[in-house]
Structure formats: C-alpha cells, structure tokens
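There are 2 protein chains.
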Amino acid sequence: MRREWRLSEPGTRRPGGRTERTRVAVLMATLDELAERGYAGLTVEAVAARSGVHKTTVYRRWASAEGLVAAALAMGAESEWVPPDTGSLQGDLAGIGRELVRYFTEPALSALPMASISAAFLSERAADSLRAYYEDRHARCAVVVERAVARGEVPAGTDAVEVVRAATAPVFYRLFVSREEVDDSVADSAARMAVIAAKAGAFPGRMPRR
Amino acid sequence: MRREWRLSEPGTRRPGGRTERTRVAVLMATLDELAERGYAGLTVEAVAARSGVHKTTVYRRWASAEGLVAAALAMGAESEWVPPDTGSLQGDLAGIGRELVRYFTEPALSALPMASISAAFLSERAADSLRAYYEDRHARCAVVVERAVARGEVPAGTDAVEVVRAATAPVFYRLFVSREEVDDSVADSAARMAVIAAKAGAFPGRMPRR
Chain A
1 MRREWRLSEP GTRRPGGRTE RTRVAVLMAT LDELAERGYA GLTVEAVAAR SGVHKTTVYR
61 RWASAEGLVA AALAMGAESE WVPPDTGSLQ GDLAGIGREL VRYFTEPALS ALPMASISAA
121 FLSERAADSL RAYYEDRHAR CAVVVERAVA RGEVPAGTDA VEVVRAATAP VFYRLFVSRE
181 EVDDSVADSA ARMAVIAAKA GAFPGRMPRR
Chain B
1 MRREWRLSEP GTRRPGGRTE RTRVAVLMAT LDELAERGYA GLTVEAVAAR SGVHKTTVYR
61 RWASAEGLVA AALAMGAESE WVPPDTGSLQ GDLAGIGREL VRYFTEPALS ALPMASISAA
121 FLSERAADSL RAYYEDRHAR CAVVVERAVA RGEVPAGTDA VEVVRAATAP VFYRLFVSRE
181 EVDDSVADSA ARMAVIAAKA GAFPGRMPRR
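Those protein sequences? They're chains A and B, same order as listed.
Letter by letter, the first sequence follows residues 1 to 210 in the numbering used here.
Letter by letter, the second sequence follows residues 1 to 210 in the numbering used here.
If we strip away everything but chain A, and leave its shape as in the complex, we get (with noise of 0.2 Å):
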C-alpha cells in the first residue's frame, strides 16, 4: 500500500511544513516499525526514536499504538487507489478479492492491514479509522457493480456495496476468524458466488422513495 501514498493532503496541510514533516516522519516510522516488529511490538516510544521525533509529541498527537495505526491507516485511504475495470463483473470482484489476498498475506504489504484490523478491537480510534477506510472502499469499489448494471449483467437497482461485502468477506472470514489459508482460489470462488447471487436478485436495493 506504502507505494500508493500521497505524502500530504493538498488544501488540508502546507506541505513541506513542520507539522507535515512531523506527521510523515512519524506514520513511517509506524510502518516501519509494524513491518519489522508487527503489531504486538509496536510502541510509541520506538516509532519516537526512529523517526527523530521526540516522544511527547508522539504520544500528544497520536497517544497510543493504536492511535498511531489509525493515523498510519487513513494515510492509506489517501490513495488514488480505483478497482480493476476487466470488462466483466466476475473479473473486477475477482481482481478485489485478488489484491485483498496478497495485501493480508505477503509479508512485505500485511504488517499495516494486519495491525489496522487488530488495533480497532483494543481502541475506539482505531475502529473509527477502520471505519472510514472500508467506507471508502466501498464507494471506490461500488463503480464495479455500475458497470455490470450497465452491461446488463446484473439486475438495474442491485445493492453495489452488499455485492462487494458478499465477494469479499469469506476472504475475510478465513483470515481473521475460521483461521484457514486463503489464495486466489479463496478470492475467484467467492467472486463467482457473488456473481451468481447477483444476477439471481440477491441484492435487491432499497425501493427508491416516491
């Protein structure tokens, strides 16, 4: 995910100021220290050393490990990041959960997404940047499901983001409660059932009001 980052937010903070710096220094040296350490072994006082910031700042503006993985998590939904466009509905939701797969379990890229879904059981803050990180998501992610409305593949008024909760939570379920291996056949199987409830009306939107 690092690699998709914007360092800044345009009109929200002057880049290259001191407190941007601050924060950039700080939220790296958070992943950095998830990558080597994992999330078990994250504290503040490491993230203050390694990133040359002092640690009463640290804890001032980020208070927790947990609050540090919430700030380094909403870095992450600064992304330019859009679902993949394969020309079929199978292919996108496929390539979603494909990319879900690799995110969660190589481990170069699941330290963050990993400590993200943790933190947000032990810190309110946490589940809160959780929150709006997969609020966003499913808005990018929606696009997929418009498109196989306007292809005809699915019915006109299916519920975009329950399409998207459907394809993705049994990767989901596996990594973080059943406990079993996922890979790409785990993403492929659960796209292809999404697919197949979709087109059989399982996801019938709210009537719009009249």
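If you are wondering where the hints come from, they were derived from the structure by calculation, not from laboratory data.
A few of these clues could be false.
As the list claims (entries may be wrong) - Example chain A residues on the side facing chain B (calculated, C-beta under 10 Å, incomplete):
#, residue
1, R37
2, A40
3, T43
4, T56
5, W81
6, Y103
7, P107
8, Y173
9, E180
10, S189
11, A190
12, A194
13, K199
Backbone N, C-alpha and C define an ideal beta-carbon position, used for all residues, glycine too.
Position chain B against the provided structure of chain A, taking the given hints into account.
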C-alpha cells in the same frame, strides 16, 4: 455461551480432581474478568487473584492473557451445541446468523467471543484455538445443508461448509472489518443470499474420486 458449557471433559480428566478444579476455577475467573474489564484489561495476575489459584500455576499452565482466552474458548467448544432445525435452509442459516449477532453484540455475552477473535492476532496459541473452534462449528453446521440436499432444496454435491461460510461471513465482515452496525436483518440477508447462490449451484463440492 457459558450456560451451555460442560465443566469437565468426560474421559479425559478425573471430574472433581484437583487439576480439574483448578482448570475450571481459572477459566471461570477468565470469563468473569473478560466480562468486567474486556480483553484489553485481562491479566494473568487478576485471573489468579480472582480464582484463588497461585499465579505461578496460572503462568505455567496458560502463559498469558492470550493463553487464557484460548483455553476458555476451547472449553466453550465442549458444548452440545447443534444448529437450528427449522425445516428450511433459509430458516436454519438465518438462525445460525442471528445467534452469532446475539453472541457478538450483547454485552453480557460478547466478551469471550470478541476476545477470542482479537487474541488470535497476538498469539499463535489463540489462533490455533480459534481455528479448532470454527472447524468444529463448521462440522456441526454442515447438517443444515445436508438436510436441504435431502429435501431437494439445493443440488446434491453442494459444499456444505462453503454455504455456511458464505451465510455467516457478512456478519463477521461488518463486525470486524468494515465496523458497521449488525442486527438480525444482516443475518437474514446473508442467509437469503447464500440460499439463492446455493440453489443456483454456486457451491459445487469437490468431485468424488473414481
């Protein structure tokens, strides 16, 4: 969950023996501490004090808060739980899903289930315990699909565990990933989606070898 637990494992331990009494006292204290303080506040020291078992003994046998959660979850798996038998696949799956919603959202019930998912991020022992628990749940739930096959509701050869995963994963997804509200309607929708997909042949089992 607690009310369903048997307090001994017949045939594996001498019921009423000292080791067994210690085990039950420690795991009951774990549940009480979880209910009062949550997983973030669970410590070996507090469990030892509450159970009246020496903390050296608790450390030696369970090692950490995660070890205690793992053992408490394994105790839960000793129950006689069977899934509902409502006469339809939709009814059975919705019943399973509604029970999940209840256990994971009612404050009096949710401490151990939530701690079990959370601890698995921090401890291999807790992850193994969670994996074993859900493997057992999958095996117990498969009968609802087998009955549906027998009634002709879904095709012969339907992968029962895949149906169960699909019908429950959206509940867990909202709880732990997108951090959205869950209620019975989420369980009902996921069950309905899984039934529609199953009827349409979305869960083919592995071909039997010849």
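Now for the hints, and whether the structure bears them out:
| no. | hint | verdict |
| --- | --- | --- |
| 1 | R37 | violated (13 Å) |
| 2 | A40 | holds (5 Å) |
| 3 | T43 | violated (14 Å) |
| 4 | T56 | violated (24 Å) |
| 5 | W81 | violated (16 Å) |
| 6 | Y103 | violated (13 Å) |
| 7 | P107 | violated (15 Å) |
| 8 | Y173 | holds (4 Å) |
| 9 | E180 | holds (7 Å) |
| 10 | S189 | holds (7 Å) |
| 11 | A190 | holds (8 Å) |
| 12 | A194 | holds (8 Å) |
| 13 | K199 | holds (8 Å) |
Consistency with the previously given hints fails for numbers 1, 3, 4, 5, 6 and 7, ordered from lowest to highest.
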